[in-house]
Amino acid sequence: MIDTINTYVLPALLIIGQSLLFLVVLLVLIAYILLADRKIWAAVQMRRGPNVVGPFGLFQSFADLLKFVLKEPVVPASSDKIVFLLAPLVAVTLALATFAVVPVADGWVIADINIGILYVFAISSLEVYGVIMGGWASNSKYAFLGALRSAAQMVSYEVSIGFVIVTVLLCVGSLNLTDIVLAQGTGLGTMIGLPGSFLDWHWLPLFPMFVIFFISALAETNRPPFDLPEAESELVAGFMVEYGSTPYMMFMLGEYAAITLMCCLMTILFLGGWLPPFDFIPFTWVPGFLWFLIKVAFCFFLFAMVKAFVPRYRYDQLMQLGWKTFLPLSLAAVIITAFVVQIFGWGAAAS
Amino acid sequence: MLGLQATFFYFFALIAVGGGLMVVFSRNPVHSVLFLILTFVAAAGLFLLTGAEFLALILVVVYVGAVAILFLFVVMMLDLDMGRMKKGALKYAPFGAIIGLALLAQLVIALSGSYLAPSTATTLATPMPIPPLDQVTNIEALGQVLYTRYILFFQIAGLILFVAMIGAIVLTLRHKEGVRRQSIPVQVARNPKTAIEIVKVESGRGL
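Protein sequences, first through last, are from chains A and U. Those letters in the first sequence? Residues 1 to 351, per our numbering, in order. Those letters in the second sequence? Residues 1 to 207, per our numbering, in order.
For reference, chain A alone in the conformation it holds in the complex:
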């Protein structure tokens, strides 16, 4: 009996506790990321942004949460009701489920599995179902058109994201996210004799891939300039036009969770995760998860700035960029990286 408790019940409770703690921190972070998005956008346009609820508008997201939850969810009469309500659940669950393998600091991860990055890729390839189910179940042509656009866009850019991830994996030789971060302790900087610094991280040797990943991440999460699914001038609000109140909030939450995940992935794959930018005293005092947070915030700042000053792409240009530019480029990069790793023995063999 004690054996069962020690082997099953205690670890299960521990994992549940960790997950809950992670989830609460993550949701609060997402609330502030949403606020930051609006504040940065406002600052670029020389507005003030939300500034009424709480000091500097800091509680705006929580006020919005209450507003959404307290409203009546309207389900269209001719919609497919089960699928209609299932879609936002799918979107938000999948978006949050990916965080199970994200290492925030050395050893600070809920599930340290061998194939972490593949798990992230697999789950985020399912996120399109929330969109497509929501669009179809609404039984409205605007929602359906928005869903089709969004799904086609997400599927297209997933391919180049996959190849970019493969180039990183070739350099690291492991699919474990912790290993990917630790492998960035040595790199270009240490090769030429410098102490460990931000020059070792993957963004420098794989810079073109970093750029492709960033742009593909914008498209994958339906962020401007690729926000055609919700192009409000043509499609009202895209696939979520029939949604209101809590289901709508869940779609928004799923979207921002996906954006946060993409920022985390950029941090882990290219910006050295929790590693400090300089590997000596004042910087190593700062705990790892703070560096991780700072890097994620930096990535999100890039996301927000792009939203603020880049005009929207046309749909055929979007597809052209994905299939005719990024796909060949990233495919070529995979082959070149494989050759370099194999011939010069850099990356997997060096670390």
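In short, the hints are calculated from the structure, not lab data. From a predicted model like this one, the values you see are computed outputs, not experimental measurements. C-beta: ideal position from N, C-alpha, C; glycine also. It is possible that part of the hints are untrue.
Taking beta-carbon pairs under 10 Å as the criterion, some of the chain A residues facing chain U (in silico) [said to hold, decoys possible]:
hint: 1; residue: 37
hint: 2; residue: 78
hint: 3; residue: 132
hint: 4; residue: 277
hint: 5; residue: 279
hint: 6; residue: 312
Residues from chain U that keep clear of chain A, each with C-beta distances beyond 10 Å, as calculated [said to hold, decoys possible]:
hint: 7; residue: 14
hint: 8; residue: 61
hint: 9; residue: 73
hint: 10; residue: 93
hint: 11; residue: 138
hint: 12; residue: 152
hint: 13; residue: 154
hint: 14; residue: 169
hint: 15; residue: 191
hint: 16; residue: 198
Okay, the calculated beta carbon distance ranges per label pair [as the list claims (entries may be wrong)]:
hint: 17; chain 1: A; residue 1: 11; chain 2: U; residue 2: 94; range: 33 to 39 Å
hint: 18; chain 1: A; residue 1: 310; chain 2: U; residue 2: 186; range: 19 to 25 Å
hint: 19; chain 1: A; residue 1: 287; chain 2: U; residue 2: 62; range: 38 to 44 Å
hint: 20; chain 1: A; residue 1: 236; chain 2: U; residue 2: 22; range: 31 to 37 Å
hint: 21; chain 1: A; residue 1: 32; chain 2: U; residue 2: 106; range: 53 to 59 Å
Got chain A; can you put chain U on it based on the hints?
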């Protein structure tokens, strides 16, 4: 350990079988595809239980993340009338039964090989020293076999898929005359000299 594994096995197996049945019995074709996706996910769960984590996630990425989405696209876009489609369904029942039986027979033959002739099955299965899974990861073990011993089959499979893809493109490609396409280099290369024509118009004459 066994109890937990068995519980999860029955959980996923029940979902897979139930989902499979609902694929056939649900009235709405879109619901059928959604149940098919559920079945795929449950199958991925079964793979995970056997320790084939790589296969499980590849199943999710390829089948659920790509193939099933195309299914869903097609089924949503088609104007399907299930009542009309079910009318002629009985005509095709024998063919369906034959295909089902052939697949079942293949499965039985493949599985019974290890019971009827255990010696041949073991020599076929382990001609190559695969390192135990507690030393290398799933992917490493799979890659070491796939890219050495089975490289020919791997390449042939890739070639077949490639030919199928090109075939699909050739079948659907149509050259339309008179379509105005955007050429970005031409647009970028325009300058005031090539883009603007300055005409002096005498007053009272027009062009």
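If any of the earlier hints don't hold here, list their numbers in rising order. The structure breaks hints 1, 2, 4, 5, 6, 8, 9, 11 and 17; every other hint is satisfied.
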